[in-house]
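What follows is the residue order along each chain.
Number of protein chains: 2
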Amino acid sequence: MNVGIFGASGQVGGVMLSLLAERNFPATQVRLFASSKSAGKKLECLGEQITIEDVDGADFTGIDIALFSMGASASLLWAPKVAASGAIVIDNSSAWRMDPEVPLVVAEVNPYELFTIPKGIIANPNCTTMIAMPVIKPLHERAGLKRVTASTYQAVSGAGIKGVAELSGQMQLLGDPSRLTMSGDVVEFKNIEVFPKPIVANVIPLAGELIDDETVEEHKFRDESRKILGLLDLSVSCTCVRVPVFTGHSISLNLEFLHPIEVEEVSSILKQAPGVELSDIPTPLSCTGKDPCFVGRIRKDHGVANGIALFVSGDNLRKGAALNALQIAEILLKEELNRN
Amino acid sequence: MNVGIFGASGQVGGVMLSLLAERNFPATQVRLFASSKSAGKKLECLGEQITIEDVDGADFTGIDIALFSMGASASLLWAPKVAASGAIVIDNSSAWRMDPEVPLVVAEVNPYELFTIPKGIIANPNCTTMIAMPVIKPLHERAGLKRVTASTYQAVSGAGIKGVAELSGQMQLLGDPSRLTMSGDVVEFKNIEVFPKPIVANVIPLAGELIDDETVEEHKFRDESRKILGLLDLSVSCTCVRVPVFTGHSISLNLEFLHPIEVEEVSSILKQAPGVELSDIPTPLSCTGKDPCFVGRIRKDHGVANGIALFVSGDNLRKGAALNALQIAEILLKEELNRN
Chain A
5 MNVGIFGASG QVGGVMLSLL AERNFPATQV RLFASSKSAG KKLECLGEQI TIEDVDGADF
65 TGIDIALFSM GASASLLWAP KVAASGAIVI DNSSAWRMDP EVPLVVAEVN PYELFTIPKG
125 IIANPNCTTM IAMPVIKPLH ERAGLKRVTA STYQAVSGAG IKGVAELSGQ MQLLGDPSRL
185 TMSGDVVEFK NIEVFPKPIV ANVIPLAGEL IDDETVEEHK FRDESRKILG LLDLSVSCTC
245 VRVPVFTGHS ISLNLEFLHP IEVEEVSSIL KQAPGVELSD IPTPLSCTGK DPCFVGRIRK
305 DHGVANGIAL FVSGDNLRKG AALNALQIAE ILLKEELNRN
Chain B
5 MNVGIFGASG QVGGVMLSLL AERNFPATQV RLFASSKSAG KKLECLGEQI TIEDVDGADF
65 TGIDIALFSM GASASLLWAP KVAASGAIVI DNSSAWRMDP EVPLVVAEVN PYELFTIPKG
125 IIANPNCTTM IAMPVIKPLH ERAGLKRVTA STYQAVSGAG IKGVAELSGQ MQLLGDPSRL
185 TMSGDVVEFK NIEVFPKPIV ANVIPLAGEL IDDETVEEHK FRDESRKILG LLDLSVSCTC
245 VRVPVFTGHS ISLNLEFLHP IEVEEVSSIL KQAPGVELSD IPTPLSCTGK DPCFVGRIRK
305 DHGVANGIAL FVSGDNLRKG AALNALQIAE ILLKEELNRN
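If you read the sequences in order, they're chains A and B. Letter by letter, the first sequence follows residues 5 to 344 in the working numbering. Letter by letter, the second sequence follows residues 5 to 344 in the working numbering.
Derived from the structure by calculation, the hints contain no laboratory data. One or more of the hints may lead you astray.
Identical copies carry no separate label here, and so any pair may be met within one copy or between two of them.
Stated by the list, open to error - Dumping the calculated DSS-like pairs for lysine-lysine here, alpha-carbon to alpha-carbon at most 27 Å:
1) Lys275 - Lys150
2) Lys304 - Lys123
3) Lys150 - Lys304
4) Lys46 - Lys275
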């Protein structure tokens with residue numbers, strides 16, 4: 005299987021390269037692509053130094069699986085061209101997710117959507133939705149999901165390398181953090197670019213632009229959850245909040261079901277759910293670099309008839325992006341082998 | 005009016021001292037009290053150096069208003085003694101809040117509870133509840149509150165000076181924060197004492213001990229909200245989460261009402277509500293050192309008939325504790341003057 009990694013020099017690209025080795029992915033050849041800015045640089049992959057090719061002007065012939073993490077506009081431009089030369093594209097951007105001819109897949113949740121890939125493109129959901137789905141799906145199958153109320157705690161790496169640099173820079177600039185403690189006399193940060201407010205020692209209840217009275221991120225969470233779960237009129241209210249965490253998205257979830265479900269049953273279902281691990285105190289730090297979504301604080305929400313509250317943390321770069329793309333590639337490979 | 009500040013050397017005590025000056029509080033005499041550990045130290049108050057007295061062995065005669073921020077066990081011991089010598093105690097701890105003979109008061113929300121003070125003790129609610137109440141109360145009066153779903157973003161100063169020191173220490177220890185970015189290989193923190201996990205670059209969905217399947221903080225939020233709003237069977241589901249913020253608690257709220265209420269009306273009610281200020285992006289940093297609770301992201305929660313989602317940030321040391329206590333003292337003073 006020949007693999008192309010598009011956006012190889014980015015954060016998710018980096019995680020992808022380590023995961024290829026870690027998972028012993030059966031790649032016969034790996035080619036790396038990026039924009040002209042990173043083309044020519046070398047990256048290590050499976051023990052070899054590979055030169056990044058400029059995506060513009062490259063010949064994509066022979067690539068079986070193209071793993072895309074280039075952002076939405078580059079993906080709109082390049083994914084169809086790469087698919088046209090015979091590859092299956094697995095895309096991490098938002099470009100194709102809501103296209104009715106593009107399956108939107110979480111490997112453990114709806115792999116059956118991979119049976120038909122009309123455009124040769126498969127979409128990965130956004131990292132927040134991704135982390136919620138392996139937890140929500142098996143509970144929905146048992147009790148029928150009616151309503152989701154979510155408040156997120158999203159890491160800066162969800163906004164790319166620039167987001168990480170902004171938090172990191174502000175942390176170093178802060179010097180003596182106790183300056184912030186008891187007065188509003190806050191250090192004047194000069195590097196406020198990615199986020200609309202300082203992110204160090206702060207939380208920002210606005211992740212992405214506002215579309216109407218909800219942000220892009222909040223719309224994604226609703227739209228993608230509905231598509232993945234096949235519940236096209238699911239009630240979803242989500243507040244997306246950026247927090248000063250480098251990696252690991254977390255979600256405080258209140259779930260309402262059509263049918264009664266007890267806390268003990270929720271725990272036992274989630275204990276067996278693929279891609280899910282129970283944890284007394286799930287946190288972003290403890291899930292960083294790990295595959296599963298960690299779930300805990302499972303309890304009754306007494307506010308409604310069949311309510312459950314819980315808290316999930318998952319690595320937004322790993323399961324939230326790179327890992328899920330590779331898991332999809334592995335499913336495709338297995339099917340291919342079955343067919344041969 | 006003679007004022008006693010009990011727990012003068014603590015975080016809230018410090019804010020109290022600055023607020024006395026800032027608000028031009030008409031104190032004829034200020035006495036400072038603390039445990040033997042801090043007794044003998046001097047603190048500046050209204051331009052004078054005042055020596056902290058040891059609460060144990062002190063004569064409380066002549067104090068009119070006693071502002072208590074000593075923690076629950078000290079308050080259980082000392083508040084009745086101070087009240088017995090003729091002072092009205094305004095207590096910041098959790099010790100007296102649920103006592104049916106103790107009014108639990110948010111100055112803008114239920115000042116009418118101050119008409120009867122059977123024990124000579126008034127309780128301040130906990131800082132998270134305090135920040136939500138000025139926003140929730142006027143909406144409840146208009147549309148009838150039915151259910152509250154809350155996820156919090158609580159500052160480390162809510163756990164005292166030790167909490168601030170723990171985050172501050174971990175921030176300095178982190179050195180190059182990018183070490184955390186893309187791997188689970190986390191710096192080994194040695195100062196994990198106040199919080200159950202590292203708090204830097206992390207969020208912890210467990211604030212305070214678990215009582216049953218909910219934490220002390222989550223129980224407080226429900227119980228105190230019910231008492232303050234006079235809604236003894238209000239549905240409340242709350243997930244309390246500690247975040248790496250020094251000062252400023254925030255809450256993502258989903259409110260369900262008995263009667264229809266439009267977003268425009270919510271905004272216009274909150275615009276006029278005392279102690280509340282509208283903000284496009286309320287954040288803990290921007291509310292630090294400020295009096296009001298900042299509220300924004302007001303929108304429909306389409307998941308229920310009469311649902312509203314919004315986000316609140318407020319200074320947990322100021323409005324969340326010291327300011328509210330002083331506001332109560334000011335109300336008592338005004339009543340006293342009216343009576344004379």
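Hint check:
{"no.": "1", "hint": "Lys275 - Lys150", "verdict": "within (22 Å within a copy, 34 Å between copies)"}
{"no.": "2", "hint": "Lys304 - Lys123", "verdict": "neither (43 Å within a copy, 36 Å between copies)"}
{"no.": "3", "hint": "Lys150 - Lys304", "verdict": "both (15 Å within a copy, 18 Å between copies)"}
{"no.": "4", "hint": "Lys46 - Lys275", "verdict": "neither (42 Å within a copy, 57 Å between copies)"}
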